[in-house]
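Asker: From first to last, the protein sequence lines stand for chains H and C. Numbering-wise, the first sequence is residues 1 to 370 according to the working numbering. Numbering-wise, the second sequence is residues 371 to 682 according to the working numbering.
Away from chain C, derived, C-beta distances all over 12 angstroms, residues of chain H: (1) G44; (2) E47; (3) R115; (4) R320; (5) D328; (6) M333.
Taking CB as the label site, the calculated pair distances span: (7) H:M126 with C:A380: 35 to 43 angstroms; (8) H:G74 with C:E515: 31 to 39 angstroms; (9) C:G533 with H:L69: 45 to 53 angstroms.
Sample of chain H residues lacking proximity to chain C, with all beta carbon distances greater than 12 angstroms (derived): (10) L64; (11) I84; (12) A145; (13) R209; (14) K303; (15) T309.
Keep in mind the hints are simulated off the structure, nothing from the lab. From the three backbone atoms N, C-alpha and C, an ideal C-beta is built for every residue, glycine too.
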Amino acid sequence: MNGSTALLSVQDLAVHFPAPATIGFGRRRRGAIKAVDGVSLEVGEGEVAALVGESGCGKSTTALAILRLIQPTGGQIFMEDEDIATLRDARLLAFRRSVQIVFQDPYSSLHPRKRIGQILDEPLRMHTEMNRGQRRQRIAELLEAVGLDAEYLGNFPRELSGGQRQRIAIARAISIGPRLLVLDEPLSALDVSIRAQVLELLTRLRTERRLTYVFISHDLAVVRGFCETVTVMYLGKIVEHGTTEDVFARPVHPYTQALISAVPIPDPRAEARRARLVLRGEPPSPMNPPSGCRFRTRCPLAKPLCASTEPALEEVIPGRTVACHFHDEAMMMRQQVGGEAAEEAVRPHSDTEPGVPEGSPLPADRKERS
Amino acid sequence: MRELKVSFGAALAVRGASFTIATGEAVGLVGESGSGKSVTALSLMGLLPAASACVEALELRVVDCDLLTARARELQEMRGGRAAMIFQDPLTALHPMKRVGAQLGEAIRRHSALTRSEARARSIELMRRVGIPEAGSRIDDYPHEFSGGQRQRIMIAMAISCGPRLLIADEPTTALDVTIQAQILDLMAELRSETTMGLLFITHDLGVIARVCERVVVMYAGRIVEDAPVDVLFEHPRHPYTVGLLASVPRIDEAPRVVRPIPGAALRATERIAGCAFRPRCPHAVERCVEQPALQAVGERHLVACWRSREL
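Next comes chain H alone, as it looks inside the complex (with noise of 0.2 angstroms):
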């Protein structure tokens, strides 16, 4: 961001939904599904910033807000300086071209029964002052900045393959101008080598029309090589936030070690020589998330501190923020974990550890540091 104003900033954004109440005889308590609590981020004008994590870290809910689908428990989120809670009308309506959003799913996000030519048709109709012909000409361009044959027009989505209508999804959202495209698992729906091909186009968009790109993916790899800035949740928490290169060559927080050593890397040397970082257990529920630092009961490094002491999430090194009490051994960590120098140093993954009790439930696969 470089100092000059962001184009989004999310403020301390919490949304909170009722939990669904307890059947039984037991008094009925009143919880909450903190789904997004306490997250801030910047966003700077055509940047391509990330927001990552697992299921239920709050990643497309932070989405939902952004384009204000739902309504904030607290905090505020401001689209050049404004705030976009307070819109009303005509500002409203500006709003909404100026930020569009695209689904994972193409095949639920495009209306079955209406025809590819309508689909696009309608954000012009509603948001401009064109005239048919004006609509027409500019569907055609449309169709063109995304790589399809006008031939489809008259198509109806079922007929189109997945990639063919994650296009018109993109189509239709940039149709107005946005100047901020929320791009909710834009890819995971799509057969790998399709992938490769939306990839490409969003990234010739972007350059051709300045845009400003929230990506939200839970596909690392593809975070690596589109993102320029990455933010990674965890229940409903920001752990780590920097640079996309400095994130994934040197990630702090153990969750975000974690999560990148589980992906698994498209070359068998490279997996083998690897050291991994295997979490034991499986995401607490938002409904009722642990003390303290919410990571805690998957951490490999957690002390009591952690359970009575929420961390903060703090400047450690320049440009990095993450919430740690234990961010310099978590550093530690993972240079004898691996991290970009995974080669001689590191001994190689087994699945037959010495040290490791049998039948436990996959215990973190490191040694306590001697």
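Assemble the complex: chain H is given as a structure, and chain C must be docked to it using the hints.
Answerer: Frame of chain H, contents of chain C only:
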């Protein structure tokens, strides 16, 4: 399996595919949706609906069971006994209204002479083995009371309950988060190291293949285009489709590189094409490609179906 062909009416799901899996070998079957990999797996288990699917092959055998001639009873003995299968979505694979213990027990008792209580004890032991905490008290829970990762563990417990010699896993970790995927892959590797169970691992994720498998079979439009040991395939891919696939996936362990997509789209099952199905997307296609190339050896245990595999 030799020259397997499966069609559903006009749709050709598998157009002639051959491969073998040796005892204890872990083979990855990689391909995109519609390439015929799941249909291949289902035909190996005799699970395709006889009414709609037309299955032809020169040979189709799974651990001594000849699927071309086997009767229903023989198939039932093979399924879940000598060979087992796990699916992508454990929630639909498990019966939602039955306790997991009952489902595990059913599988065990079907293929063994154990009594009800013995089968129950064995179920608890299996659940413990696949890493379900407090297995003894959770055995009477319903599938929805477990998380996605735990449900897949239970599916694995069910699959290994009768000591199968072949496990077919159809995208078993695709629906899971990466940290859970890592746990499940480790569990499968661990179980395999203890037995001589063969594995057919179906996935579209080349990274998972690299982590789990010893050999890879690449499928495209219902045919096998390349078959090679895992390190050979990743280092010296010979089929243009394999080369394109490897160039199109980003890697997490290296600085951004230019990812080159394969142009065009895969052949649909209802489409017909003379010769190599990859021809319209192939940068090296020549006139000869209108004839179907056979799967030929280009190196030790390395088979490629491409006319130009020797020169490229």
